[in-house]
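There are 4 protein chains.
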Amino acid sequence: MPDPTVPDRTVPDRTVPDRTWTDPAELDRGDPEGAIAAAAKRCSNWGRWGADDVLGTLNFLDDAKRAEGARLVRRGASFSLSQRFDADGPQKGWRRRTNPVHTMLDTGTDAERGVQGFPHGIGGADDVIAMPLQASTQWDGLGHIFDHGNAWNGRRAGDVVTSLGDAVTGIETAADRIAGRGVLLDVGRALGTDGELPDGFAITPAHLEATIAAQGDTARVGRGDLLLVRTGQLTRARRSVAAGQGWGDYAGGPAPGLSFTTADWLHATEIAGVATDTWGFEVRPNEFDVAFQPLHQVCIPNIGLFLGELWDLDALAADCAADGVWEFFLAAAPLPVTGAVGAPVNPIAVK
Amino acid sequence: MPDPTVPDRTVPDRTVPDRTWTDPAELDRGDPEGAIAAAAKRCSNWGRWGADDVLGTLNFLDDAKRAEGARLVRRGASFSLSQRFDADGPQKGWRRRTNPVHTMLDTGTDAERGVQGFPHGIGGADDVIAMPLQASTQWDGLGHIFDHGNAWNGRRAGDVVTSLGDAVTGIETAADRIAGRGVLLDVGRALGTDGELPDGFAITPAHLEATIAAQGDTARVGRGDLLLVRTGQLTRARRSVAAGQGWGDYAGGPAPGLSFTTADWLHATEIAGVATDTWGFEVRPNEFDVAFQPLHQVCIPNIGLFLGELWDLDALAADCAADGVWEFFLAAAPLPVTGAVGAPVNPIAVK
Amino acid sequence: MPDPTVPDRTVPDRTVPDRTWTDPAELDRGDPEGAIAAAAKRCSNWGRWGADDVLGTLNFLDDAKRAEGARLVRRGASFSLSQRFDADGPQKGWRRRTNPVHTMLDTGTDAERGVQGFPHGIGGADDVIAMPLQASTQWDGLGHIFDHGNAWNGRRAGDVVTSLGDAVTGIETAADRIAGRGVLLDVGRALGTDGELPDGFAITPAHLEATIAAQGDTARVGRGDLLLVRTGQLTRARRSVAAGQGWGDYAGGPAPGLSFTTADWLHATEIAGVATDTWGFEVRPNEFDVAFQPLHQVCIPNIGLFLGELWDLDALAADCAADGVWEFFLAAAPLPVTGAVGAPVNPIAVK
Amino acid sequence: MPDPTVPDRTVPDRTVPDRTWTDPAELDRGDPEGAIAAAAKRCSNWGRWGADDVLGTLNFLDDAKRAEGARLVRRGASFSLSQRFDADGPQKGWRRRTNPVHTMLDTGTDAERGVQGFPHGIGGADDVIAMPLQASTQWDGLGHIFDHGNAWNGRRAGDVVTSLGDAVTGIETAADRIAGRGVLLDVGRALGTDGELPDGFAITPAHLEATIAAQGDTARVGRGDLLLVRTGQLTRARRSVAAGQGWGDYAGGPAPGLSFTTADWLHATEIAGVATDTWGFEVRPNEFDVAFQPLHQVCIPNIGLFLGELWDLDALAADCAADGVWEFFLAAAPLPVTGAVGAPVNPIAVK
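Chains as they are written, first to last, in the UniProt record's numbering: chain A, 1 to 351; chain B, 1 to 351; chain C, 1 to 351; chain D, 1 to 351.
It cannot be assumed that every hint is accurate.
[As the list claims (entries may be wrong)] Derived CB-CB ranges, DEER-like:
1. Ala213(D) - Gly114(C): 41 to 49 Å
2. Asp159(B) - Gly154(D): 22 to 30 Å
3. Asp159(B) - Arg238(C): 39 to 47 Å
4. Gly154(C) - Gly154(A): 28 to 36 Å
[Stated by the list, open to error] Some chain B residues flagged as far from chain D (calculated, every beta-carbon gap over 10 Å):
5. Arg19
6. Pro24
7. Arg29
8. Asn59
9. Asp63
10. Ala67
11. Lys92
12. Ala130
13. Asp159
14. Thr173
15. Asp194
16. Glu196
17. His207
18. Ala242
19. Gly253
20. Glu270
In case anyone wonders, no lab produced these hints; they're calculated from the structure. The beta carbon of each residue, even a glycine, is placed where N, CA and C say it ideally should be.
Can you make the complete structure from the sequences, with help from the hints?
Below, the structure is given as structure tokens:
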């Protein structure tokens, strides 16, 4: 009978292959097209799970992996990794990405005044929300980003996402999948100052591996894992809000984040998904002279990788730092909005 | 070393006290006020967790319970218990509860045609939703229902929920709580015909206990559990949709559901929450001549009980029936919309 | 000095050229493509007002025409031609055309209870709406319909309307235009039974001219006029609502309306716009075996004609029938939603 | 036969009674409650039109007044007085007053690509909006503001406006009324610098009368008129937007506007409504040490006066300055959203 306090290491080894990765200094800042095309070619998973596949890297997250994740629970302590959804959020309206607007259909003041017309003293409150699906903590679906008009698995973008939504890879196809072993790499704490990386800091494979090394065995990353990368930028933005200075450019401005050069690492580790505490996952400004989210362009349509953004990793990170255990069970099932190219989620980590 | 395949039974025993319950036949159909007042008095948890409490029965769901739930995972099989969120849902507009409207901010057709203005061939799709928070699978928050102008824990309704939302018991206060041991009572399968209870069927404590007895030891219900009750009505409604006859009155019409007489049982079991595969949790028509959701009026403001509605229990129920195991880990964290009196959720059960 | 009680007839004569029109019986029900292509060719106004034109037939509505319209006012009696915008409207969700959802941001109950936090006893109420722009009384913009991928004036549809809206012919370009001489043809009253045409009744040029003849000189239709055509279907639908039987298929089902054969007449009269009391302007079912709104396909992208739908013409029609005057000043300026392909309007007729 | 070029002066004389008005210097800045109560008492119209009245000062706008307005049209030139409704508007989210979010249900790119599924080459575009009803150019309804829990005509606020909307004075009750004689007082041009009043400038009765005197006979203001007051602040805000510096605090910050001391003048003139080119109609900061919109508190619930905000008066003002005629026909019918406490409008002035 296995000892449940020791995670089962018979699952595929999570050690990343011993290889070297592109150095950001080698990137030709003037040629994003070339760099993207080369990375897409190296990392493409098109056809890997058949022509009809709609799950991409979630194929790596199987029942065995999920059972492994559940075995990591010891105390039963739980952490919500979601920021709130409200009108005072960080969004600034870029491309109509506004903050949520929550309004009431019925209220306690109405109920107390007796204007609701219900019998026997019952009263009720009800509410409505209008929001971009990427307004706060969310998963990008596989229909969120295209590469030269191509969507995940080589489909034409216009065959996938029209005004009616994503008819092929809508987020509802992933509704029952995203629960398994989570692992947190707190790069902010490992490599930053006071737990935070500065805006514009590009996290390279070397930084990720240094963080794994610093955090120890429970931080190993491999097939089917749900990887969380903490930069500390949210901590900084919250400090600004608390000081009455607002969110600043947290939603879309300069930020620490993954370097374009992590594309091969993210591919090679065979992780099922990766999420950060930033608006845009990758480093901003991007690492080319004229560019917009080039790592997305490799990861989503070519690798088929699920990206999470605007996650709140602070409370979990503090707990992990305290007990030295960086792995946990993570349930992060997106709201199954039919045809959505991304969806809000309240991820729960249990240790 | 404990055997992880045998759930730890040292946690508070889940057997409901050996007592008798009100028989529905004893209800005075002409006096809902009296019945509600009496039940509210018997079952009130006001003050049980202090004057400032905002969590109600979620106080029963502690870390130990959550760890117990995680130990129930064996295969790692996962089940989404969420219905979809889309425009073709069951809502009929009662009190402005409409179906979600999902629209696109950017599309694949735009990306493919090259009208988005992004560099290096990247294209994107983005989307927006407008919906009642109770449009599909959801948790009722503690600010959802009032009893004669009183909200949970004895607060005045108008001190809790105004047009600005629920300032006290907003659903965000429960953001990191709802993960633990889930148990499914498939009353439809145990007591119905072809797995379904007819509309208007009132599930009594005796029915619940008969179902537990039929399902066996893994179906025991007790302190801190998340109880799921399947009636089979969703199965029937889906058959209607598949036959091109629409949802009918699934959202608000006659339905099987919990009898008013279960109030004491729900209180005595000390469960953390309870969810059903119906629109309204309790039996409809209600069991009084003139009434509207009287069991809600006892459960939410008086017991402080979290109620889930419009859950999809069918796939999970089929699996439980197949392997005879009716307990599992359940992660069902609502979307933390600040000030919401209820919130959508994609619950994930893992066995 | 002209007598202001006698409209100035020196403006371009409004009599339609003396010609014959296609008889609906001559339509080849199996060949909508052919019929549409032929009508589009005969009626095209592409290039008529230059390559940059965004106004189409509103070019016919000039200052002189507007002054002529104002001179028609005698009593000063005003009529709103708008149906209400509310949740109990006729929409049934076809292609996500739902009824408006109106919610409150602040209420009188909140104000009265003193929870709003304002000084010196002031209280307020505020509100929000979410709705399709074609939910109720509206004008179609020129970007609303395309013919084989072509928009008004020969532009490619994808160069005009993307997910960002109509960048060329957005309804805001017509914000200050639509006020002038209105004329009502009450075909329901002239040719129907009890003032109503039956569903499926195709109004032909002959019917329009018979109505003009019946109504007399004030009903003449010509260049720059805003033509209103009453079928009586709204009267019938309202009777159903009043009887508790709902809107039925008023929004999208069988309806009286303009015959495909009116395309040439609508073109030849050089009217500025035309509106009806129906959901879809043209007769439904359409006059081809397999078709969807073929007259729209000729009128909007080829003629550049502004179409109004879901107008309420009943009160105005009763007044016109009573005094025998079928012309009036009409102000019907659409809400200038930037980039909209249609917009709500509260048209005011003044006699 | 009257000369139509000379407005009919047999209607009730529009000259304001020869009386003196409160001087702003006499206001006790520390006692808004006292000042408001006194003004409310002096100006109350409660009961003037019966206990059931829902129209307030719109009762002054009768058919004769509307006919008088129509006779003012000479050239037929029309002016939209609406700002646009779009995501780039001035709103900053105060009390959830956001800018409109306009999204597409169908697009030209979809149509051109042939993914819409319609027959015979027809394609379509459709759209949706979500917005506060006071997001842009609007009329305040009589349910918008309360005075110590009292609404227009002495009703209790909670009897009028609940979460379901304004059940008594909803804006739909004014749907067919607001068309008549408009008169523009361009105080910015008459008394300001380069046509603009500075922020914080309180327009007093003396300023209004000086402007009338400067503008001449066509600027007389009296019973049933729709008064437009231009401050020039919008001109300034637009210049800022054009310079890439955004709207600044146009929505809610310091602004020129009507002094609290105009309450008696607005009451005595018996105007039907008054609108400005500012966010809030009255001067901001308000003229008391601690205050919020005290003139609203007198005007709406006590006088029953319709207030318009965020109107665009610039093009009309330029035309009036050019030809020296400050009166015109004005059609400004609000969108009849059932139960709304305010509504968007595209006002059209015709000269």
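Problem set entry | Hint check against the structure, violated hint numbers in rising order | 12
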